[in-house]
Amino acid sequence: MTQFKLSGTYPLPYGVQVSGTWQGYPGVPTGTARQDAEYTAAQNRVPDPSLNVNYNVTRTIIPTLTVTSITVPLLKPGEKYLERWNQVDLRFAKKFAYRAFRFSAQFDMFNLLNSNSILSLNEAFGSNLDRPQS
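If you're matching positions, the sequence shown starts at 4 in this note's numbering and goes up one per residue.
Don't take every hint at face value.
[As the list claims (entries may be wrong)] Simulated DEER-style distance windows between Cβ atoms: (1) T12 / L77: 46 to 52 Å; (2) K8 / L68: 46 to 52 Å; (3) T63 / D133: 22 to 28 Å; (4) F7 / F104: 21 to 27 Å; (5) F99 / P135: 29 to 35 Å; (6) T12 / Y58: 40 to 46 Å; (7) L68 / T24: 51 to 57 Å; (8) R94 / Y28: 17 to 23 Å; (9) P66 / P29: 39 to 45 Å; (10) F104 / Y28: 21 to 27 Å; (11) N125 / R94: 36 to 42 Å; (12) T24 / S72: 26 to 32 Å.
Keep in mind that the hints were calculated from the coordinates and are not lab data.
None of the values given here were measured: they were computed from a predicted structure.
We put the beta carbon where it would ideally sit given N, CA and C, even for glycine.
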């Protein structure tokens, strides 16, 4: 998915400059990076493991299971993404000159809109599936 960035600077009177940056990020993908037929939960490689949707099969479901449990992935790679998120930054700067010295003062504000995007979800199949974790 595509990332977008836009920035600019505008001079104001009295040597003041205002600058701004807008960044648009794609939602974090769920599933895995693997695109072959041998996709299993053990091979699941995602940026954040909490974005998988897995079903845990235990001996209570299949009594003849030879291992304690098996994790079954329920999503194909690239099937699910979180929402896009945006960030806005702003800067005010003023240039000063004193005799042979020149300097500038800057005031920066990051994440101006205080975006609280969801970055990870509960992956366990059940009533808490897709509940935000962070």
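Unmet hints by their number, sorted upward, for this structure
The structure breaks hints 4, 5, 6, 10, 12; every other hint is satisfied.
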